Each structure stands twice: as structure tokens, then as C-alpha cells.
Amino acid sequence: MAYPTLPLDAALLDRLVSDSKDWAQSHGLVMRTREHKDKSDICQTAPFALLPSSFPRSLYEQAVNVEEDMNLLYFLVSWDYEFIKESLAEVIETDEFTRRLMDIYTEVHKEGLAQTKVVQIQRSDYMCHSSPDGSHSIKQVEVNNIASSFGGLGELCTKMHTATLHYLGFDTEKLAQSIPENRCLSTVATGIYQAWLAYGESNGLVVFLVEDVNQNQLDQRHVEYRLSEFSDRRARVERLTLTDCAHRLELCEKTKVLRLDGKDEVAVIYFRAGYVPDQYKSDLEWAGRLKIERSKAIKTPWIGLQLANTKKIQQVLAKPGALERFLPNNPEKVAAIRATFAGMWGLESSDANTKTIVDEALAHPEKFVLKPQLEGGGGNFYGAEVANKLTKLSAAERSAFILMERIHPMINT
Numbered sequence: 001m002a003y004p005t006l007p008l009d010a011a012l013l014d015r016l017v018s019d020s021k022d023w024a025q026s027h028g029l030v031m032r033t034r035e036h037k038d039k040s041d042i043c044q045t046a047p048f049a050l051l052p053s054s055f056p057r058s059l060y061e062q063a064v065n066v067e068e069d070m071n072l073l074y075f076l077v078s079w080d081y082e083f084i085k086e087s088l089a090e091v092i093e094t095d096e097f098t099r100r101l102m103d104i105y106t107e108v109h110k111e112g113l114a115q116t117k118v119v120q121i122q123r124s125d126y127m128c129h130s131s132p133d134g135s136h137s138i139k140q141v142e143v144n145n146i147a148s149s150f151g152g153l154g155e156l157c158t159k160m161h162t163a164t165l166h167y168l169g170f171d172t173e174k175l176a177q178s179i180p181e182n183r184c185l186s187t188v189a190t191g192i193y194q195a196w197l198a199y200g201e202s203n204g205l206v207v208f209l210v211e212d213v214n215q216n217q218l219d220q221r222h223v224e225y226r227l228s229e230f231s232d233r234r235a236r237v238e239r240l241t242l243t244d245c246a247h248r249l250e251l252c253e254k255t256k257v258l259r260l261d262g263k264d265e266v267a268v269i270y271f272r273a274g275y276v277p278d279q280y281k282s283d284l285e286w287a288g289r290l291k292i293e294r295s296k297a298i299k300t301p302w303i304g305l306q307l308a309n310t311k312k313i314q315q316v317l318a319k320p321g322a323l324e325r326f327l328p329n330n331p332e333k334v335a336a337i338r339a340t341f342a343g344m345w346g347l348e349s350s351d352a353n354t355k356t357i358v359d360e361a362l363a364h365p366e367k368f369v370l371k372p373q374l375e376g377g378g379g380n381f382y383g384a385e386v387a388n389k390l391t392k393l394s395a396a397e398r399s400a401f402i403l404m405e406r407i408h409p410m411i412n413t
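Here UniProt numbering is used: the first residue of the sequence shown is 1, the next is one more, and so on.
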């Protein structure tokens with residue numbers, strides 16, 4: 001049976017749209033509305049494609065096969081204090097947010113970590129790049145190690161697409177061959193559950209570190225409820241903001257045990273916030289973060305992984321010889337990881353190579369993306385914006401940005 005292509009018959013299209021919306025609402029593929037981010041009784045379907053997009057199988061398998069090594073790489077980077085310190089040295093001169101994160105890393109590094117267990121929930125984002133000659137390759141957009149979202153909604157979206165294609169006449173065997181199994185929600189919940197078990201306190205709390213108000217709260221709830229199922233309701237969850245953490249979490253200086261309101265011991269802290277400056281309203285929130293990092297609670301992620309997650313580290317890892325520092329005598333792993341990299345350039349130097357790439361970006365800004373260190377989407381500059389921003393940045397300010405090769409994604413029609 002041929003894969004359906006748009007435009008579909010108008011009546012069939014209306015039916016599919018209506019059924020998909022009902023499926024989404026019935027199964028929790030929803031978000032709070034932009035107008036009512038503080039209420040879950042007013043929800044909308046999460047944005048989704050009506051039909052799954054085609055993607056080259058070989059490139060999908062390449063991304064899957066490299067992911068274990070990619071996880072290992074960022075795990076090793078997170079523990080290399082000197083590498084992170086050196087890589088971010090010029091960034092922190094102008095980027096206050098990254099500097100304060102680095103200050104916390106420095107403090108816990110000097111003190112010695114109370115907890116070396118960590119849960120690494122990593123999401124590597126790729127696009128299928130289309131070259132002018134018509135060939136395709138995967139290019140890594142970024143790696144996310146903090147507050148990696150859409151585990152709940154992503155798993156549901158795969159199930160919805162499967163149901164839609166069933167309706168269109170595709171049999172179960174064909175769909176099993178064509179749509180990869182998606183267990184991202186269960187994987188995330190399993191990681192947190194295993195951390196809770198590893199902590200060794202049967203009454204230990206799992207803290208979900210969240211924003212005051214979040215349009216995507218229900219995606220977080222999917223993780224919470226799946227964790228509850230896996231633990232037979234034993235793993236209790238408390239949702240706290242950074243402000244709450246500063247006020248309500250108490251750290252025992254002798255044992256490094258973290259307690260909520262002086263009572264319940266905190267076993268695991270799952271970050272769904274803490275990745276952008278706006279979430280640290282004052283020094284109070286920074287004090288709360290330091291308290292967490294100094295504790296023996298298992299973090300997902302810990303501060304080292306968050307700093308390893310910066311755009312600057314991603315760019316430094318793309319330099320010749322950088323991967324070999326962490327994966328010595330592993331040429332196959334190095335080659336597999338490096339094959340996913342798009343071109344990336346740091347802007348902190350004033351040497352001839354940097355001048356050449358900046359001049360190229362000024363002359364042909366459509367070939368590049370200018371990226372700040374911020375996580376959580378947004379803040380990037382494209383097209384003419386690249387040249388405009390580069391001309392306005394001082395040499396010192398420029399060091400907080402990286403230039404990246406513009407990826408031209410494969411278009412499905």
C-alpha cells in the first residue's frame with residue numbers, strides 16, 4: 001500500500017483531523033493554553049503533524065547507534081573540571097548566567113561531591129541535512145542534558161500516528177517495520193526510578209524542579225505518573241520551584257542529607273527548570289541551586305552535565321583532537337560521533353581563522369546560524385540577523401556566541 005500524500009480527499013482529511021484531535025485529547029497529548037498557562041482545566045492539543053514524516057532508515061539507525069557513545073562522551077566531559085573551566089573561560093567574562101553556574105561547579109569541585117551517582121537523561125537533536133548534490137546526512141543541532149522535554153508527549157505522538165495509519169489501511173506488521181518503537185517516557189521514568197532505588201531510602205522523595213507556571217506541565221506529569229506506576233506508588237513526588245528549594249530544603253552540613261521542611265529526605269532531584277537566567281530571580285534561587293548541588297541527593301542532571309551542555313562545549317568538542325581526549329584509543333567511536341557534527345566555530349579569538357569565518361558570515365549570513373549559550377529554544381540568529389548581530393557585538397561579547405553551519409533539512413511533501 002502506498003504511503004498517503006497530501007492533498008488527501010477533503011472528506012477523508014476532515015475525518016483524520018477530527019479523529020486525531022479526539023485521540024490527542026483522550027490520551028493526554030495536550031498542553032495548557034498560552035493564555036492560561038496556570039490552569040490544566042483549559043487545555044489544547046499539542047502541536048503535531050497529522051502523519052509521520054518519512055526519514056531515511058539508514059540515517060535514523062546511525063543516530064540510534066551513536067547515542068550510547070554520545071551519552072558516554074558528555075558524561076566524561078561533565079567530570080573534567082579543567083576542560084570545562086578552560087573551554088568556558090572567555091564565555092564567563094561576558095555571560096553572567098554561565099559564570100554563576102561555573103561558580104557553583106567550582107565550589108562543589110573544591111569541596112568534593114557528596115553524591116557521584118547521576119541520572120543522565122540526554123536528548124540529541126538531529127536534522128536530515130540535504131546537500132546541494134542531493135545527498136542526505138544527519139547533522140546534530142544540539143545535545144540536551146537538562147530539562148529534556150516531550151518524553152511523555154513524544155511517546156503518545158508515535159502511538160497516535162500508528163492509530164491514524166491503521167485507520168488508513170496499513171496492517172500491524174507493516175507499521176511495526178516502518179514506525180520505530182518509542183519508549184522515551186518509560187525510559188525517563190525508569191531512570192528516575194532506578195536512581196530512587198539506588199539512593200537507598202524507602203521513604204525518599206523525588207523532587208521535580210519546575211517553573212512557577214509552565215505551559216508544558218502535563219508532559220512533566222506523564223513522567224510523574226509513569227514513575228508512580230513503576231514504583232508501585234512508593235516514590236512520592238514533590239514539585240518545587242528554585243524559590244521553594246531555597247526556602248524549604250534544608251541541608252545537613254555533616255551528612256549532606258537534604259530534607260524538605262526539615263522532615264522528608266530528598267532522594268532524587270529531576271530538573272525541569274534551572275536552565276535559563278529568568279528562572280533565577282535573585283540570589284535566593286542561586287543559593288537554592290547551590291544547596292542542591294552540595295547535597296547527597298541524586299541529581300538529573302548535576303551541575304557538571306549542565307555546563308557540558310552549553311553551546312560552547314559543543315563547539316569545542318568539534319575541534320580536531322577534542323574527542324580523543326575523552327575517548328582515547330577508540331577511533332571508531334570518535335569517527336561515529338564526529339560524523340554527526342555540523343561545522344561550528346568559536347568567536348573568542350582574533351586570529352586569522354576567526355577573522356576569515358566572521359568575514360564569511362558577514363558576506364553570506366544565510367550559510368550560518370549565530371547561537372548564544374542559552375538553552376530552552378529561541379535566541380538564535382538567522383539570515384540577515386547574523387550579520388546585523390555580528391556587527392553590533394564587541395570582541396568580548398562575541399566570545400559568548402558560536403557560529404554554526406546552517407542545516408538545510410530534508411523536505412517532506
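Derived from the structure by calculation, the hints contain no laboratory data.
Given the structure is predicted, the values throughout are model-derived calculations rather than measurements.
Backbone N, C-alpha and C define an ideal beta-carbon position, used for all residues, glycine too.
You may find that some hints are simply not true.
Cross-link-like lysine-lysine pairs, in silico, DSSO-like; alpha carbons within 30 angstroms at most [to be verified]: (1) Lys-117 with Lys-21; (2) Lys-355 with Lys-110; (3) Lys-85 with Lys-392; (4) Lys-21 with Lys-367; (5) Lys-21 with Lys-110; (6) Lys-281 with Lys-174; (7) Lys-333 with Lys-319; (8) Lys-319 with Lys-281; (9) Lys-319 with Lys-367; (10) Lys-110 with Lys-291; (11) Lys-296 with Lys-256; (12) Lys-355 with Lys-296; (13) Lys-319 with Lys-39; (14) Lys-281 with Lys-291; (15) Lys-355 with Lys-281; (16) Lys-389 with Lys-110; (17) Lys-117 with Lys-263; (18) Lys-319 with Lys-263; (19) Lys-367 with Lys-110; (20) Lys-263 with Lys-110; (21) Lys-85 with Lys-263; (22) Lys-319 with Lys-296; (23) Lys-367 with Lys-117; (24) Lys-85 with Lys-256.
The calculated label-pair distances, taken between Cβ atoms and stated as ranges, are [as the list claims (entries may be wrong)]: (25) Gln-194 with Ala-384: 43 to 51 angstroms; (26) Lys-319 with Tyr-382: 23 to 31 angstroms; (27) Glu-405 with Pro-277: 24 to 32 angstroms; (28) His-166 with Asp-14: 35 to 43 angstroms.
Against the structure, the hints come out as follows:
1. The straight-line distance between the Cα atoms of Lys-117 and Lys-21 is roughly 41 angstroms, outside the 30 angstroms bound, and the hint therefore fails.
2. The suggested pairing of Lys-355 with Lys-110 is violated, with an alpha-carbon distance near 38 angstroms, which exceeds 30 angstroms.
3. A hinted pair counts as satisfied when its Cα atoms are at most 30 angstroms apart, and Lys-85 with Lys-392 qualifies at roughly 27 angstroms.
4. For the proposed pair Lys-21 and Lys-367, the alpha carbon gap of about 38 angstroms is over 30 angstroms, so the pair is violated.
5. In summary, the hint linking Lys-21 to Lys-110 is not supported, as the alpha carbons are separated by about 53 angstroms, beyond the 30 angstroms threshold.
6. A C-alpha spacing of about 52 angstroms is found between Lys-281 and Lys-174, which places the hinted pair above 30 angstroms, so the restraint is violated.
7. Between Lys-333 and Lys-319, the direct Cα distance comes to roughly 16 angstroms. Compliance with the 30 angstroms bound is thereby established for this hinted pair.
8. Annotation: proposed proximity of Lys-319 to Lys-281 is violated, straight-line Cα distance about 35 angstroms (limit 30 angstroms).
9. Between Lys-319 and Lys-367, the direct Cα distance comes to roughly 20 angstroms. Compliance with the 30 angstroms bound is thereby established for this hinted pair.
10. For the hint pairing Lys-110 with Lys-291, the CA-to-CA distance comes to about 15 angstroms; that is within 30 angstroms, so the pair holds.
11. Only pairs whose Cα atoms come within 30 angstroms are accepted, and Lys-296 paired with Lys-256 is accepted, the gap being roughly 5 angstroms.
12. About 46 angstroms separates the Cα atoms of Lys-355 and Lys-296, which puts this hinted pair outside 30 angstroms; it is violated.
13. For a cut-off of 30 angstroms, the pair hint linking Lys-319 to Lys-39 is broken: about 46 angstroms separates their Cα positions.
14. For the suggested pair Lys-281 and Lys-291, the alpha carbons sit about 16 angstroms apart, so the restraint of at most 30 angstroms is met.
15. Distance check on the hinted pair: Lys-355 and Lys-281 sit about 37 angstroms apart at the alpha-carbon level, beyond 30 angstroms; violated.
16. Between Lys-389 and Lys-110 the alpha-carbon distance is near 38 angstroms, which puts this suggested pair outside the 30 angstroms criterion.
17. Proximity of Lys-117 to Lys-263 is assessed by CA-CA distance (about 23 angstroms); at most 30 angstroms being required, the pair is judged to hold.
18. Annotation: proposed proximity of Lys-319 to Lys-263 is violated, straight-line Cα distance about 48 angstroms (limit 30 angstroms).
19. Simply put, Lys-367 and Lys-110 have alpha-carbon atoms about 43 angstroms apart, too far for the 30 angstroms limit, and the pair is violated.
20. With a C-alpha separation of about 29 angstroms, the suggested pairing of Lys-263 with Lys-110 holds against the 30 angstroms cut-off.
21. At roughly 37 angstroms between alpha-carbon atoms, Lys-85 and Lys-263 are farther apart than 30 angstroms, so this suggested pair is violated.
22. For the hint pairing Lys-319 with Lys-296, the CA-to-CA distance comes to about 35 angstroms; that exceeds 30 angstroms, so the pair is violated.
23. For the given pair, Lys-367 sits about 41 angstroms from Lys-117 by alpha-carbon distance, which is inconsistent with the 30 angstroms threshold.
24. Distance check on the hinted pair: Lys-85 and Lys-256 sit about 25 angstroms apart at the alpha-carbon level, within 30 angstroms; holds.
25. Under the hint 43 to 51 angstroms, the C-beta atoms of Gln-194 and Ala-384, about 48 angstroms apart, fit the expected range.
26. The hint said 23 to 31 angstroms for the Cβ distance between Lys-319 and Tyr-382, and at roughly 24 angstroms that hint holds.
27. Between Glu-405 and Pro-277 the C-beta distance comes to about 27 angstroms, which sits within the given range of 24 to 32 angstroms.
28. Taking 35 to 43 angstroms as the suggested C-beta distance range, the pair His-166 and Asp-14 does not conform, at roughly 18 angstroms.
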